[in-house]
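Novice: Residues per chain are reported as follows:
Protein chains: 2
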Amino acid sequence: MAESWVNSAERIGADLHLEMAGAGPRRAELIRALREAVRSGRLAPGTRLPPYRSLAADLGVARNTVADAYAELVAEGWLTARQGSGTRVAERAEPLGARARVPKKAPPRARGPRHDLRQGTPDASSFPRAAWLASYRRALQQAPNEAFGPGDPAGRIELRRALTEYLARARGVRTEPERIVVCSGFAHALRLLFAGTGGVLRGPLAVESYGLGFHRELLAAASVRTVPLPLDGDGALVGELGRERAVLLTPAHQFPTGGPLHPSRRAAAVDWARARGGVILEDDYDGEFRYDRKPVGAVQGLDPERVIHIGSVSKSLSPALRLGWMVLPERYVDGVLAVKGEREAWASVLDQLTLADFIVSGSYDRHVRRMRQRYRVRRDRLVAALATHAPHVEVTGIAAGLHAVLRLPPGTEQSVVKAAVWQGVALDGLAEFRHPAATMSAPDGIVVGYATPAEHAYGAALDALCGALPPR
Amino acid sequence: MAESWVNSAERIGADLHLEMAGAGPRRAELIRALREAVRSGRLAPGTRLPPYRSLAADLGVARNTVADAYAELVAEGWLTARQGSGTRVAERAEPLGARARVPKKAPPRARGPRHDLRQGTPDASSFPRAAWLASYRRALQQAPNEAFGPGDPAGRIELRRALTEYLARARGVRTEPERIVVCSGFAHALRLLFAGTGGVLRGPLAVESYGLGFHRELLAAASVRTVPLPLDGDGALVGELGRERAVLLTPAHQFPTGGPLHPSRRAAAVDWARARGGVILEDDYDGEFRYDRKPVGAVQGLDPERVIHIGSVSKSLSPALRLGWMVLPERYVDGVLAVKGEREAWASVLDQLTLADFIVSGSYDRHVRRMRQRYRVRRDRLVAALATHAPHVEVTGIAAGLHAVLRLPPGTEQSVVKAAVWQGVALDGLAEFRHPAATMSAPDGIVVGYATPAEHAYGAALDALCGALPPR
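Keeping their order, the protein sequence lines are chains A and V.
Those letters in the first sequence? Residues 1 to 472, by my numbering.
Those letters in the second sequence? Residues 473 to 944, by my numbering.
Honestly, the hints are just simulated from the structure, not real lab data.
Among these hints, one or two may not hold up.
Said to hold, decoys possible - Computed beta-carbon distance windows for the label pairs:
hint: 1; chain 1: A; residue 1: P204; chain 2: V; residue 2: D935; range: 58 to 66 Å
hint: 2; chain 1: A; residue 1: E36; chain 2: V; residue 2: T860; range: 38 to 46 Å
hint: 3; chain 1: V; residue 1: E814; chain 2: A; residue 2: R48; range: 34 to 42 Å
hint: 4; chain 1: V; residue 1: E814; chain 2: A; residue 2: Q373; range: 26 to 34 Å
Note that the Cβ used here is the ideal one computed from N, Cα and C, for glycine as well.
The shape of chain A in the complex, shown without the other chains (with noise of 0.2 Å):
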């Protein structure tokens, strides 16, 4: 019998807190705490308490206060006793946190839409369990201790390693382990880049005139003032940048609107940015993710010492891991180390390692493969809907990403947002992501992600998006 107490602290290997302040007999002392743990609603009805020996132990009582008290509990119907299963809290006991307790607002996304073609977001449910698992797993086994120690703010050298390999091969940058800070995402990039007033870079900053409103928020709440440039079909036009410090591009795949910055273009951002001591900061958010034959390399190998190249796993694997990097310009890396403080305080380390294994090993690279086919199928699936249903509607952006830009006749842009949430479809209109300030003129049109829907699913939101185009 006191065998299987024992077994079951094992198994549950309880620690708990009593406040035993008072003067008074032990047992009395005990008890009184035991009843206020359960009154206040500290311990949840259904809870085992810890058998009596453990108990003891830590209280410094001997075994049989314990087992008297808890007797006494169970006799006022606080606790109940049943052997085999220990002492537990009785179901009735109510938790002081219940009344109080009011409904909350569900987060944005757990009621969510029927069919969400929101642009941002890649397909969860392509998540490489498998092969991830067996990279933490490798990662964790081979981890020296110092790994669980304070992190190098830098991150770990053997992700930055890695990317300085895998971005070489795959983007076209050139960089050095040296070069590289590891960061939770692009927006922690931005955060780090311009926060405060010892931060590395000041406004000015031009922006494209149309990007992720979320991005600007965040740079005005650091009080960086951003310019629009505009844009047209060859991106931004980066002749109009004169005396802002920085400009951020989306060089590979403009957001939202789709297209690669012209190589005229590129070289011509370049040629700012020496001239003017300016730099380039270049959100890759999506260069993986390329269906033509042309791969666009990142602007960051024309010329490593004026452009920030940024990128994160967010689209290649998931937003949930909260892993980025900033390949930067040499001047600039004590200053961003100086800004992340002394210790590494934001991005896991066991992930970092799992990283770096998932590059060495092939894995990111054959992930990245399969997605690619995977979402180039739904963009043709995307683009043979509508060409069927919708053959008005000009289709754009679609070389490269996880969404399309869908043009519309002026005027349309609302009703069609609107009538998509007839029919039940989360997207989002160009006019979301265009800059207050952008004087450029305002075209029509929305922005589907066909990322996001389960493969499943993704048939029935197709049909539901083009339910609410407007008719020819």
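Since the structure of chain A is already known, use the hints to place chain V on it.
Specialist: For chain V alone, coordinates are given in the frame of chain A:
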């Protein structure tokens, strides 16, 4: 032969980026692009190139074109080809970066001291790799697909539920999952609470006269004025609290001087918060590690609406995980979530799910118990060594935590810290932790962290420490 190429391609799964922008013949273009990739260092010496058929498919050229290009570059000495080993970049090809590379400063920890007795880090060699991996596997296998999408900024509900139960049981915290917000550690919690104009809290913030300089710097960077409270043997003199809006306390174990906040002071702090509409920030940094028989519960339990309870796994498991939590009064929840943003941008979702499993399965309790026992032994060895070699030095703050404070004769602190450096021991003097505006007396002392050294090196570290202490 063809098969062996394919197999090696499967193994490396390489995704080679080549700029084929020119208009010339494909073969010449490919040679130029490959040569440039090697010359610029993008393709490092020894890198294995993709097999003909794979690269040919990628580039949309004939397989023979690739074979010809490779052969040409082998002839030129850029590549080498050996049967069974594929085509590789020649070893003599020097990357561009190699010339520009300058030796960088090693990160602070990499060239660490012989004996690291600085406080703040748990024993890195004790990370429970097997149990954590088991939890990771279960978490990864059981995670719903949506876990790989954008994360709820409050953190995973599984983790918040587990924390609610655990903190109630082990720390006396009264809360519910809806009032917990996951973050990446204590510093992140401070940043979120005091972030810019949208922040939940504003200064001035009362702090203990001794604390982490890092926290004071972080608060100063956020324009939060801190006001030092004097300390005595019962902890912070909370009776001196006035018009501050908030007070930051370490009630379980004053950091670094080491005592718990006296029950009357705990009550007085809560009374102040109620009377003035203030709030207590409770930094529960090592609440699990108590070695005496009197547990010290969280102040939060006294009034959940007046205390923000902040904890993390940085001391109990590892700072490498970057996982912490805030237990919030209801009125702050929406504000903190608004600062965090629409999606989780920081804490790894997979690590969150793993920690939830680790807690619920009982592994966390088992680990904490095991470490408590191990640290207790280390503490006892420290006390015994001092009793033998330096009986005149008073040891304080040893009822809990991972560090002790050695009181020194007036005026000797600096020379002892210097003597420690000579002995190869890294540790900090109390002056390091003193608020610059503190008015209380400034006792001489050193803070000795006893968790960091490896088990086999601890005895030598103690010898070196004793060698640095002043003679009787």
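Novice: Compare the structure with each hint and give your call.
Specialist: Status of each hint after checking the structure:
| no. | hint | result |
| --- | --- | --- |
| 1 | A/P204 - V/D935: 58 to 66 Å | holds (59 Å) |
| 2 | A/E36 - V/T860: 38 to 46 Å | holds (44 Å) |
| 3 | V/E814 - A/R48: 34 to 42 Å | holds (39 Å) |
| 4 | V/E814 - A/Q373: 26 to 34 Å | holds (31 Å) |
Hint check: no violations occur; every hint is consistent with the structure.
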